[in-house]
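Visitor: Dock chain C against chain W, hints included.
Chains as they are written, first to last, in the working numbering: chain W, 259 to 401; chain C, 333 to 460.
Simulated from the structure, these hints should not be mistaken for lab results. The reader is advised that the hints may include incorrect statements.
[As the list claims (entries may be wrong)] Lysine to any residue pairs mimicking SDA-like chemistry, simulated, CA-CA at most 25 Å apart: (1) W:Lys280 x C:His385; (2) W:Lys360 x C:Val362; (3) C:Lys402 x W:Asn365; (4) W:Lys352 x C:Ala406; (5) W:Lys279 x C:Glu378; (6) W:Lys269 x C:Pro352; (7) W:Lys289 x W:Asn382; (8) W:Lys269 x C:Lys354; (9) C:Lys354 x W:Glu265; (10) C:Lys384 x W:Gly368; (11) W:Lys385 x C:Thr395; (12) W:Lys352 x C:Asn367; (13) C:Lys354 x W:Glu266; (14) C:Lys402 x W:Val376; (15) W:Lys304 x C:Val397; (16) W:Lys280 x C:Lys384; (17) W:Lys311 x W:Asn382; (18) C:Lys402 x W:Pro356; (19) W:Lys360 x C:Val397; (20) W:Lys349 x W:Gly366; (21) W:Lys279 x C:Thr388; (22) C:Lys384 x W:Glu359; (23) W:Lys280 x W:Gln297; (24) C:Lys384 x W:Ala285; (25) W:Lys280 x W:Leu292; (26) C:Lys354 x W:Gln268; (27) W:Lys304 x W:Asp324; (28) W:Lys289 x C:His385; (29) C:Lys384 x W:Asn286; (30) W:Lys294 x C:Gly396; (31) C:Lys384 x W:Gly363; (32) W:Lys304 x C:Phe386; (33) C:Lys354 x W:Asn329; (34) C:Lys384 x W:Tyr300; (35) W:Lys293 x C:Lys384.
Residues per chain are reported as follows:
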Amino acid sequence: MPAENLEELQKTHVSTEYLDKKHPDTANEAKARLKKTRQLQYTRWKWAVDNVKTYINVLRAAGHPDVSIQNMFDGTPLCFPSPEAYSELRKGLKELAPAIEKEMGWNGCGFIITGSSVPGFSQNPCKGHAVCIVCRVPAVVAR
Amino acid sequence: MTSELLLNNFQELPSKITDPAKSDVDICIVADGVNATVAENSAADENAEPRKHFPTTCSPYLTGVRFGCKDLSAFCKCAAVRDCSAVATNLPEWPRYANFGLNASTPGVPCRVEQETSRGVAIHVRGG
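The following block holds chain W by itself, in its conformation from the complex (with noise of 0.2 Å):
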């Protein structure tokens, strides 16, 4: 994909902001998307999984280089720097989950990986574009 492309990518489709619930220029926006957190979280995985082309962009315009892209969609999370380093770490917790079913007294221990580096995107809520991306209005107003 063209470098200009790319640029225009990160301006429309990523974002660094975050809604503060506690603050009052973003407090309303944040507390009507906690309100549907589950469907937020859904919705945004759906659609990475209806646009993977758009999404790959997406992460090349982050700025993710195209062999950890493709290392995430074989399993290992963006910010593991190998699929070895990251192999290393589940042999790690296979040997670790039996001492921690004895020392908490629980049975069938088991690890999930979880966090924006396993998407490659947040599901946090509350992070995320706050303003509407055709027409940079403010999302409160935007709705």
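Guide: Using the frame of chain W, we list chain C on its own:
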């Protein structure tokens, strides 16, 4: 994707892309008995850990809750996790990162808050 969709549903787009420099993952511990432990702790003290509950996705049609601890050692019986090597001796590299939220340079002192869990405790990990 139409402009109308963008106008109405921009919050539904995954626009907060993970930061290449400082993003991480949460390791959720899933086990039978965690809910009971949480219930026991809460019954004994309403301010007991875990204090946070996070909605989370489990499958395409199932959501769940992750418990989050501000102080993992306050939740665990095994405060001895302050010395990770005592729990898992075969973790030569990862105690630096996956040290149960305890700062390796100051053993016994909780250092991170963002731990989240699924039916249990968790470790905050950076792979880089």
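Visitor: Take the hints in turn and mark each one as holding or not.
Guide: Outcome of the hint check:
1. W:Lys280 x C:His385: Satisfied, since the Cα-Cα distance of roughly 19 Å is no more than 25 Å.
2. W:Lys360 x C:Val362: holds, 14 Å
3. C:Lys402 x W:Asn365: Answer holds: Lys402 (chain C) to Asn365 (chain W) is near 24 Å, not above 25 Å.
4. W:Lys352 x C:Ala406: Distance of about 24 Å is within 25 Å: holds.
5. W:Lys279 x C:Glu378: holds, 24 Å
6. W:Lys269 x C:Pro352: OK: Lys269 (chain W) and Pro352 (chain C) at ~17 Å, within 25 Å.
7. W:Lys289 x W:Asn382: Distance ~12 Å between Lys289 (chain W) and Asn382 (chain W) Cα, so the pair holds.
8. W:Lys269 x C:Lys354: holds, 20 Å
9. C:Lys354 x W:Glu265: OK: Lys354 (chain C) and Glu265 (chain W) at ~21 Å, within 25 Å.
10. C:Lys384 x W:Gly368: holds, 21 Å
11. W:Lys385 x C:Thr395: Between Lys385 (chain W) and Thr395 (chain C) the Cα gap is close to 19 Å, so the pair holds against 25 Å.
12. W:Lys352 x C:Asn367: holds, 21 Å
13. C:Lys354 x W:Glu266: holds, 23 Å
14. C:Lys402 x W:Val376: holds, 22 Å
15. W:Lys304 x C:Val397: Since the Cα atoms of Lys304 (chain W) and Val397 (chain C) sit roughly 20 Å apart, the hinted pair holds (cutoff 25 Å).
16. W:Lys280 x C:Lys384: holds, 17 Å
17. W:Lys311 x W:Asn382: Cα-Cα ~23 Å, so holds.
18. C:Lys402 x W:Pro356: Answer holds: Lys402 (chain C) to Pro356 (chain W) is near 24 Å, not above 25 Å.
19. W:Lys360 x C:Val397: holds, 24 Å
20. W:Lys349 x W:Gly366: It holds: about 16 Å lies between the C-alpha atoms, which stays within 25 Å.
21. W:Lys279 x C:Thr388: The hint holds at about 19 Å.
22. C:Lys384 x W:Glu359: Between Lys384 (chain C) and Glu359 (chain W) the Cα gap is close to 22 Å, so the pair holds against 25 Å.
23. W:Lys280 x W:Gln297: Cα-Cα ~22 Å, so holds.
24. C:Lys384 x W:Ala285: holds, 20 Å
25. W:Lys280 x W:Leu292: Since the Cα atoms of Lys280 (chain W) and Leu292 (chain W) sit roughly 13 Å apart, the hinted pair holds (cutoff 25 Å).
26. C:Lys354 x W:Gln268: holds, 18 Å
27. W:Lys304 x W:Asp324: Satisfied, since the Cα-Cα distance of roughly 22 Å is no more than 25 Å.
28. W:Lys289 x C:His385: With a Cα-Cα distance of about 16 Å, the restraint between Lys289 (chain W) and His385 (chain C) holds, given a limit of 25 Å.
29. C:Lys384 x W:Asn286: Since the Cα atoms of Lys384 (chain C) and Asn286 (chain W) sit roughly 22 Å apart, the hinted pair holds (cutoff 25 Å).
30. W:Lys294 x C:Gly396: Cα-Cα ~14 Å, so holds.
31. C:Lys384 x W:Gly363: holds, 22 Å
32. W:Lys304 x C:Phe386: This hinted pair holds, its Cα atoms lying about 20 Å apart.
33. C:Lys354 x W:Asn329: Judged against 25 Å, a Cα distance of about 18 Å means the pair holds.
34. C:Lys384 x W:Tyr300: Holds - the C-alpha atoms of Tyr300 (chain W) and Lys384 (chain C) are around 21 Å apart, at most 25 Å.
35. W:Lys293 x C:Lys384: holds, 16 Å
The earlier numbered hints are all upheld by this structure, with none contradicted.
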